[in-house]
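Undergrad: Hey, can you work out the whole structure from these sequences and the hints?
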Amino acid sequence: MSFIPGLGLVKGMGLTLLRFFEPKATIRYPEEKPDVAVRFRGRLQLLYDEWGTLKCETCFQCAQACPIECIDMGGMDTKGRFHVHWGPPETYGERREESALRRSGRTVPDRAFEHFEPHDTTAVDGILEDHDYDPKALLEILEATQAAYGFLPVAALKRISEKTGTWYAMIYGTASYYSHLRFEPPAAEIQAAALAGRRPAEATYVAGLGASLHGRTGGDA
Amino acid sequence: MTAILKTPAAWPAILLRREGETGGETARDPKRRAAAAGAAGPAFDGLRRSVRELGSRGTIALLAEAGLRGRGGGGFPTADKWRAAANAEAPAKYVVANGYGADPSSLTDRTIVEREPDAVVEGVAIAAWTIGAEEAIIAVRAGSTDAIAALQGAIDAALSRGELGDDALATGRRLVVEVRTVQGAYMLGEETVLLKALDGRRGQPEQRPPHPSTTGYRGMPTVVQNVQTLASAAWILRNGAAAFRATGTAETPGTILVQVAGNEQGGVAEVPFGTPLGDIVKLAGGVGAGRSIKAVLVGGPSGGILPADRLSTPYTFEALRLLGAHVGSGSIMVADDRACVVDLARVLTRFCADEACGKTIPCRIGTARLAEIGERMSAGTSRAGDVQLATDLADDIVGSGLCDHERLATLPLMSGLRYFGPEVAAHVERGECPAGVCRPIHFAASAPTAPQPTMAS
Numbered sequence: 001m002s003f004i005p006g007l008g009l010v011k012g013m014g015l016t017l018l019r020f021f022e023p024k025a026t027i028r029y030p031e032e033k034p035d036v037a038v039r040f041r042g043r044l045q046l047l048y049d050e051w052g053t054l055k056c057e058t059c060f061q062c063a064q065a066c067p068i069e070c071i072d073m074g075g076m077d078t079k080g081r082f083h084v085h086w087g088p089p090e091t092y093g094e095r096r097e098e099s100a101l102r103r104s105g106r107t108v109p110d111r112a113f114e115h116f117e118p119h120d121t122t123a124v125d126g127i128l129e130d131h132d133y134d135p136k137a138l139l140e141i142l143e144a145t146q147a148a149y150g151f152l153p154v155a156a157l158k159r160i161s162e163k164t165g166t167w168y169a170m171i172y173g174t175a176s177y178y179s180h181l182r183f184e185p186p187a188a189e190i191q192a193a194a195l196a197g198r199r200p201a202e203a204t205y206v207a208g209l210g211a212s213l214h215g216r217t218g219g220d221a
Numbered sequence: 001m002t003a004i005l006k007t008p009a010a011w012p013a014i015l016l017r018r019e020g021e022t023g024g025e026t027a028r029d030p031k032r033r034a035a036a037a038g039a040a041g042p043a044f045d046g047l048r049r050s051v052r053e054l055g056s057r058g059t060i061a062l063l064a065e066a067g068l069r070g071r072g073g074g075g076f077p078t079a080d081k082w083r084a085a086a087n088a089e090a091p092a093k094y095v096v097a098n099g100y101g102a103d104p105s106s107l108t109d110r111t112i113v114e115r116e117p118d119a120v121v122e123g124v125a126i127a128a129w130t131i132g133a134e135e136a137i138i139a140v141r142a143g144s145t146d147a148i149a150a151l152q153g154a155i156d157a158a159l160s161r162g163e164l165g166d167d168a169l170a171t172g173r174r175l176v177v178e179v180r181t182v183q184g185a186y187m188l189g190e191e192t193v194l195l196k197a198l199d200g201r202r203g204q205p206e207q208r209p210p211h212p213s214t215t216g217y218r219g220m221p222t223v224v225q226n227v228q229t230l231a232s233a234a235w236i237l238r239n240g241a242a243a244f245r246a247t248g249t250a251e252t253p254g255t256i257l258v259q260v261a262g263n264e265q266g267g268v269a270e271v272p273f274g275t276p277l278g279d280i281v282k283l284a285g286g287v288g289a290g291r292s293i294k295a296v297l298v299g300g301p302s303g304g305i306l307p308a309d310r311l312s313t314p315y316t317f318e319a320l321r322l323l324g325a326h327v328g329s330g331s332i333m334v335a336d337d338r339a340c341v342v343d344l345a346r347v348l349t350r351f352c353a354d355e356a357c358g359k360t361i362p363c364r365i366g367t368a369r370l371a372e373i374g375e376r377m378s379a380g381t382s383r384a385g386d387v388q389l390a391t392d393l394a395d396d397i398v399g400s401g402l403c404d405h406e407r408l409a410t411l412p413l414m415s416g417l418r419y420f421g422p423e424v425a426a427h428v429e430r431g432e433c434p435a436g437v438c439r440p441i442h443f444a445a446s447a448p449t450a451p452q453p454t455m456a457s
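If you read the protein sequences in the order shown, they are chains V and S. Residues 1 to 221, numbered by the working numbering, are exactly what the first sequence covers, in order. Residues 1 to 457, numbered by the working numbering, are exactly what the second sequence covers, in order.
Because the hints were derived from the structure by calculation, they are not lab data. Just so it is clear, CB atoms sit at the ideal spot from N, CA and C, and this is done for glycine as well.
Quick list of simulated restraints, FRET-style, between CB atoms:
no. : chain 1 : residue 1 : chain 2 : residue 2 : range
1   : S       : Gln207    : V       : Met13     : 58 to 64 Å
2   : V       : Glu162    : S       : Gly132    : 35 to 41 Å
3   : V       : Tyr133    : S       : Pro77     : 38 to 44 Å
4   : S       : Asn87     : V       : Ala203    : 43 to 49 Å
5   : V       : Lys24     : S       : Arg383    : 33 to 39 Å
6   : V       : His180    : S       : Arg173    : 34 to 40 Å
7   : V       : Tyr133    : S       : Arg321    : 43 to 49 Å
8   : S       : Glu65     : V       : Trp167    : 46 to 52 Å
9   : S       : Arg48     : V       : Ala203    : 42 to 48 Å
10  : V       : Tyr133    : S       : Gly162    : 31 to 37 Å
11  : S       : Gly385    : V       : Thr26     : 31 to 37 Å
12  : V       : Thr26     : S       : Pro77     : 52 to 58 Å
13  : V       : Trp167    : S       : Pro91     : 24 to 30 Å
14  : V       : Thr26     : S       : Gly431    : 46 to 52 Å
TA: See below:
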């Protein structure tokens, strides 16, 4: 067989060209499925609504359902309290700092990662001792922790999780539900609330209802 | 403290004693009232009768005979609930009294706790005795210091008289009542959510069955009752089923506290079931001179908007549900001729959507879309088919909802569509507001960044 230069290339491209003109079909799909790990649930993705805000409510039900605890989040939820990153937040923080250092030669402070900074947890230890490390008293523990720190630092939540043996996702999911619990220092929250033009839902409702019932007269009522 | 509206003398007084019966000043001050109760002691006659004469079965039979139904909005027969819990085999059982009062504009639960803490505690004790619980919890809103002080006073007094404690009523059985404060979510008024909060978990409702009466607080059989129901139960034990049957209607005997708000005054009143809505509205003086009643909002944030020509409707669970309203938080608010029904429905639906816990999709997304439709109507930017879309969406939410929050959250908009068709049509078809309340320009100016209109401040 004589050597013709480029024959292999032509053969290869020929096959590609043949495939190109074949009818498009899903071949053997329902009978034969791709071989994926049993635990595979598809790619995790947070969805955005029409206005570009995350639909995530930070209920942490996904994190609670994950058998290998690979989901964790930090960040701003739909109520403007936190924003959401995927993956272990500490990793994000480190990577971000590294790349900032590489690009600019100096670290850039970012408020989004302040939540994950280490915190003095002696106060939490005392509170846990008072509540007998009982996960059933979680709400009281969280309220006492907030009273001690002014807000709920992530480090404190992790400490509660370690000491009581409760899943961190469960603790975070509980804390993000109740409107009187906050993850940021009060001053920052007031500022954030002012920026978002928000008021507590109940106060807004009562004011709106009053205005709606008795009619708005003149101006903005 | 909330104003108590004067009701006609012929109306029964079961939940709240009338002014004068408790000695004027003392009745108004919860701390002094609790102290007086401790000294003189309204002996827990109902509890004694339940324990010494009737026993568990007898008490449940008496409540069934009296036809007591839950005052928390659902109207579920109390005797059935207690019987299920009493028959359940478990190492521990609990009673939870719901005095949270979720509706921010209604103070009925707080009023009865502040003014009649003894009746509430007695009712809790009776429930605990009847189902065989040793521990009971009264959940109230954090920050309602008067209510907490009143309850604690009543509990301490009962402890000192030996009606509660390790050896309650000298029967050798332990019976303790604890006041717990909860806060931070509207949904805490729902029984399974309240149980979750007491358990220290995220407050999302559970599918039923299993009902809390078999699997509730800490996984044990739990009777969850509104504080008004428990106070009524105590009254029935003291005065008998026949006397209770003599009030209210045949299906729903007894009375309920309502929060009435008129234009000039408002407050809490005790009304027998079956009272026409118009009579209840009159208690608060209606809308005052020179104005006419346009609509009545019955049931709180998820209530129905009923037109003025339905004021003859009797205030019962069934009659209100038929009209597309519900008893709910016991709130009855009067809207005068200046109010716009679309605007009102928008405010209510938005609150319900904001307070959705996010557990189920029909609720989390459905109520949000419903609120957006309401906001579009109000802002004059309705799209073709919005009315049909809202109706279909509401049907789907009702059909697939997990708890009553989402099912009832459709009521404001749906009752608005049902009774005020022409007014809604003016908004949708012509972008006009007959009452002159909804102003698209106003919303555009107030929300420069967010496309959805914010609540007018």
